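2 protein chains.
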Amino acid sequence: MNGWVKIAGLGPGDPDLVTPQVTAALAEATDVVGYIPYVARVSARPGLRLHPSDNRVELDRARHALEMAAAGRRVVIVSSGDPGVFAMAAAVYEAVEAGGATWSKTQIEVLPGITAMLAAAARAGAPLGHDFCAINLSDNLKPWALIEKRLRLAVEGDFAMAFYNPRSKSRPEGFGRALDLLKQACGDDRPVIFARAVSTAEEQIRVVPLSQTRPEMADMRTVVIVGASGTRVIDPTGAPVVYTPRSVPE
Amino acid sequence: MNGWVKIAGLGPGDPDLVTPQVTAALAEATDVVGYIPYVARVSARPGLRLHPSDNRVELDRARHALEMAAAGRRVVIVSSGDPGVFAMAAAVYEAVEAGGATWSKTQIEVLPGITAMLAAAARAGAPLGHDFCAINLSDNLKPWALIEKRLRLAVEGDFAMAFYNPRSKSRPEGFGRALDLLKQACGDDRPVIFARAVSTAEEQIRVVPLSQTRPEMADMRTVVIVGASGTRVIDPTGAPVVYTPRSVPE
Chain A
1 MNGWVKIAGL GPGDPDLVTP QVTAALAEAT DVVGYIPYVA RVSARPGLRL
51 HPSDNRVELD RARHALEMAA AGRRVVIVSS GDPGVFAMAA AVYEAVEAGG
101 ATWSKTQIEV LPGITAMLAA AARAGAPLGH DFCAINLSDN LKPWALIEKR
151 LRLAVEGDFA MAFYNPRSKS RPEGFGRALD LLKQACGDDR PVIFARAVST
201 AEEQIRVVPL SQTRPEMADM RTVVIVGASG TRVIDPTGAP VVYTPRSVPE
Chain B
1 MNGWVKIAGL GPGDPDLVTP QVTAALAEAT DVVGYIPYVA RVSARPGLRL
51 HPSDNRVELD RARHALEMAA AGRRVVIVSS GDPGVFAMAA AVYEAVEAGG
101 ATWSKTQIEV LPGITAMLAA AARAGAPLGH DFCAINLSDN LKPWALIEKR
151 LRLAVEGDFA MAFYNPRSKS RPEGFGRALD LLKQACGDDR PVIFARAVST
201 AEEQIRVVPL SQTRPEMADM RTVVIVGASG TRVIDPTGAP VVYTPRSVPE
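Those sequence lines, one after another, are chains A and B. Residue numbers for the first sequence follow my numbering, so the first one is 1 and each next one is one higher. Residue numbers for the second sequence follow my numbering, so the first one is 1 and each next one is one higher.
Heads up, none of these hints are tricks.
Each pair may be met inside one copy or between any two copies, as identical chains are not told apart.
Straight line, CA to CA, 27 Å or less: simulated DSSO-like cross-link-like pairs of lysine-lysine:
id, residue 1, residue 2
1, LYS149, LYS183
2, LYS169, LYS149
3, LYS142, LYS183
Just so you know, these hints were derived from the structure itself, not from any lab. Keep in mind the model is a prediction, meaning the values are calculated, not measured.
Isolated chain A, as found in the complex (with noise of 0.2 Å):
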């Protein structure tokens, strides 16, 4: 038996944004590995095992995978979005890599999907036109110190910024501290797109200028665009589209 992993990216939650790859390799799996809410988002079918796992257990997760395809088994490990973006990529290849010879017969692909801050940035307008960052707020596996270099150098090469984990219960703090920081760098009122559940039926966009942000407009299901100090808002029909002009001027 062939057995092999193949890490997929959902996209943001519309089933219109899962790429026929990924589709054809759920159709093909005899086991889903995730999170549970991506788990849940894949339909039941008979001959077909679900096995949703809980947050921060990406490691054990990614072994679970690599085991049962080494067995035989067709795995499919469910990311949101992209899996190579802030998703089980990584860990796959962490724990292969810490595997040494261990999964050396293991087929392994990665099926790239629609990532949150892209979905968001359709929905707002194109504010990631130009030349852009994508920053994890999460300190769960980074230092802080880390995070606000990141966050002032963006400022100073005047990136537009996309931020994913912007804030969760158990750090509610961080996000209001780079809010403070944007506010000091930025020198100016640029737009940022607070961007929740994109695509589905609880989607949430709103687009706020940077004085007025408050870092309770952000949850775990949010992904918050800041512009660049080119950046636009315009309201052509009504409701603000922001976007970034793909010039800068000499």
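Model the placement of chain B on the given structure of chain A, informed by the hints.
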């Protein structure tokens, strides 16, 4: 007649990476507008007019699409990858803003796609698994000094980096200067991925240590990904896999 403009991402090339949302928009369209090779990816059918145009006429193309929509036609503007990343979405909103009230009743929607850097990252492993920047290396629309500034700051912030439009026939020298800058600034021999024509029959993925990179390894169909300091190259099954761990130690 209710016309509309949908700015749609076709993904990197493989039809299995086109979202059902984009496929549905193309099925409803009366007109498809875009750069010649992207329009060539859309299947002809009765009732669908194809309007391929050359590169560097983005604003003309945007206005043409808006005019057709105002006349009641259903227009899809196609981009490769994601339309919000160095592509047509920003150009359309530039045209909308320049038009004042002209397009105030025109329905415009952006349909996200799999952008090149994420397709490339998936094929290479998970090199963008931690904080990263996306930088357009073309200096058609911004000063070269700004590109160099952003490269230096991205290195200082220890971001992984993805470069779009690294090299064209009309700008053969910039990418060599960028590589020279990186070789000096990084202070280590981190992995660089040259991902050409990802997900097509011509796909080529090369992983090269920074010191051995040469400008001619990239062309305009290449996305280049440069790892962060912690990015790892492993070789679990005889082919190099590049990933950036999720953690940064204190």
